[in-house]
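Undergrad: Sequence:
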Amino acid sequence: MIQRMSTLFVRTLREDPADAEVPSHNLLVRAGYVRRIAPGIFSWLPLGYQVFRNVEAIVREEMNQAGFQEVHFPALLPREAYETTGRWTEYGDNLFRLKDRKGNDYLLGPTHEEMFTQMVKGEFSSYRDLPLWIYQIQTKYRDEARPRAGILRGREFVMKDSYSFDVDDAGLEFSYNRHRDAYVSTFKRMKVDYVIVSAMAGAMGGSRSEEFLANSPFGEDTYVRCDCGFAANVEALHIPLASFDPGINLDTELPASHAEQTPETPTIDSLVNLSNARADLARGDHLWFASDTLKNILLIATNADGSEEPLAIGLPGDREIDTRRLEAALYPRVARPFEEADFAAHPALIKGYIGPRALGKKSTSGIEFLTDPRVVRGTRWITGNNVKGQHVYDLVFGRDFESDGVIDVAEVFNGDPCASCGGTINLARGIEIGHIFQLGRKYAEALGLKVLDERGELVTVTMGSYGIGVSRAVAVIAEQHHDDKGLVWPREIAPADIYLVAAGKSEDAAIKAEELAQIWDQMGLRVILDDRVGVSPGVKFNDSELVGVPTIVVIGKGLERGVIEVKDRASGERVDIAVDDAIAAVHRICTN
RNA sequence: CGGGGCGUAGCGUAGUGGCUAGCGCGCCUGCUUUGGGAGCAGGAGACCGGGAGUUCGAAUCUCCCCGCCCCGACCA
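First residue of the first sequence? That's 451 in the working numbering, and the numbers climb one at a time after it.
A hint or two may mislead.
The calculated lysine-lysine pairs, modelled on DSS-like cross-linking and capped at a C-alpha distance of 27 Å, are [stated by the list, open to error]: (1) Lys1007 - Lys962; (2) Lys1017 - Lys962; (3) Lys1017 - Lys955; (4) Lys801 - Lys838; (5) Lys900 - Lys571; (6) Lys892 - Lys571; (7) Lys838 - Lys812; (8) Lys838 - Lys811; (9) Lys1007 - Lys935; (10) Lys801 - Lys811; (11) Lys1017 - Lys641; (12) Lys812 - Lys801; (13) Lys935 - Lys641; (14) Lys935 - Lys1017; (15) Lys1017 - Lys1007; (16) Lys955 - Lys1007.
Pairwise CB distance ranges (calculated) [unchecked claim]: (17) Pro528 - Tyr781: 24 to 30 Å; (18) Thr539 - Val985: 53 to 59 Å; (19) Glu540 - Thr773: 18 to 24 Å; (20) Leu691 - Arg733: 21 to 27 Å; (21) Glu471 - Gln515: 33 to 39 Å; (22) Lys812 - Asp792: 18 to 24 Å.
Quick caveat, the hints were computed from the structure, so don't treat them as lab data. C-beta atoms are modelled at their ideal positions from N, C-alpha and C, and glycine is treated no differently.
Could you put together the complete structure from these sequences and hints?
TA: Written out as structure tokens, the structure is:
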């Protein structure tokens, strides 16, 4: 079917919408693809909905091809199953909740692990039925505290979520890899530039987890990458323990520790400045750096049962704690900073001068003390001496102090060593477009999904869950495929193959355009025909570029010479082709 | 939830106490124009986010409320 601009339900905007900050949002609005309804909630106009459905079709085809079966759940769900798994409360304010006329609780599904698990439980009960791979493409609802960036992060969004059910871990591993492969080919088809990073499985339960992150400066996830191919979400990054010389004699080869008066040095900067200013404190081999100091951060950790206990973390003074890494490392415990009242409850801890010798389960304070992986045997530190205005120098780990364990929560810097090859890592930003999890038995356990194994014994099924943000993918593709003139869709995503412009005042152009549009349409090409009369050529050219269809054909002044112009939207390349040759030539361009 | 910014026509905006709220885009009518967001003329479209107050007079000042955008916290 030919889409005619004269009647198409679209209005392109000449000016940037005031509320759009990121390119995908700006262009999708300007080109008349989407309109905002409420924060994080958008409607799709004809061009936009076609693009959306093209993306959805790729996901569906790749899923089906990989052997997954499509099902469909309601978005409106009863409370019960989410109560059983604890997520009715865990999800907190992010859950859209509502009541029916009888006062029963319902929710708009944020994700469907519970429903899938229940469904399988209701149908299957033998190991012989497994593995099972099912998926749906569904509208999800999450009442995000702050939706942003147009449809990149909405409160209503479409997600493809699939789930695998296996009888054992080996089966899960196979199912997981199967999904991983399907995702690789899906995103390849979408022409998304992405990287696969190892991620935290923590909050969802389970073990292995990887994210597919689309490269974008507007990404919300920070990940590290290395030339060796290593990539990880910063939350999931584990830096290696610092190396040391195991043969070193700590007592004879390192200076003895010594306490020093260091008044007015409550911050790391002030401490480093004072240390370098005083000749008697010189380190010898180099100036003191912030990384030579050990700062000890106090937190209050809340356990899963609600009880609280203090926790101390010792890390090099040049680094802050990365709260997302902390959260991932402590899960399911959560932590908050020490407050005045907490200091008051622990008078032995002198704010600004806290040292390792007041910390640790074996110390008098009894406070759990965990240290950064860079704090290893033989490292010497300047750190608090637990006396106001006093620090201790050359405090050596393994000689003068110990910790209760390692915790890897310090912020990651560009140029830090790579955990895999020892090279240096770079920080980059990405948009999460896919996430695959080995869930394990958390949901099957909670909802009682068991099958009989070959010995006739009941075993709990192990699950994987896998998601692709379908509506988000539309925005990601726009984000990665545009220029200063507008959108530049990959052909399979685009709302049409050809944007056919009838330019100039000659009626011949309009007639020829109509004729060619019909021919290409009958050849199976998708055509947008700009048949608007009285609209100046400049407007049509600009719209043709803004809309982003891959092939632009202009029929106008060249017609007298028997040629039409064929432009490649992406490269900007334009060639004149004789009208008679153009039918086949454009068809070839559009189909190879 | 913390910080910042902002609500005036479909979109983008001007207007800090005083005539009928101005301009650009878009829209309608007519004429002209037709290869890079045309010109002229005429027109439609705004309870200036809501409420209360101050004042002879409020888009403009005060108070309360609502909403939106951005950064952070949090999250596919």
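Undergrad: Hints first: check each against the structure and report whether it holds.
TA: Each hint tested on the structure:
no. : hint                        : verdict
1   : Lys1007 - Lys962            : holds, 12 Å
2   : Lys1017 - Lys962            : holds, 17 Å
3   : Lys1017 - Lys955            : holds, 21 Å
4   : Lys801 - Lys838             : holds, 8 Å
5   : Lys900 - Lys571             : holds, 7 Å
6   : Lys892 - Lys571             : holds, 14 Å
7   : Lys838 - Lys812             : holds, 23 Å
8   : Lys838 - Lys811             : holds, 23 Å
9   : Lys1007 - Lys935            : holds, 23 Å
10  : Lys801 - Lys811             : holds, 19 Å
11  : Lys1017 - Lys641            : holds, 21 Å
12  : Lys812 - Lys801             : holds, 21 Å
13  : Lys935 - Lys641             : holds, 20 Å
14  : Lys935 - Lys1017            : holds, 14 Å
15  : Lys1017 - Lys1007           : holds, 15 Å
16  : Lys955 - Lys1007            : holds, 9 Å
17  : Pro528 - Tyr781: 24 to 30 Å : holds, 28 Å
18  : Thr539 - Val985: 53 to 59 Å : holds, 57 Å
19  : Glu540 - Thr773: 18 to 24 Å : holds, 19 Å
20  : Leu691 - Arg733: 21 to 27 Å : holds, 23 Å
21  : Glu471 - Gln515: 33 to 39 Å : holds, 37 Å
22  : Lys812 - Asp792: 18 to 24 Å : holds, 21 Å
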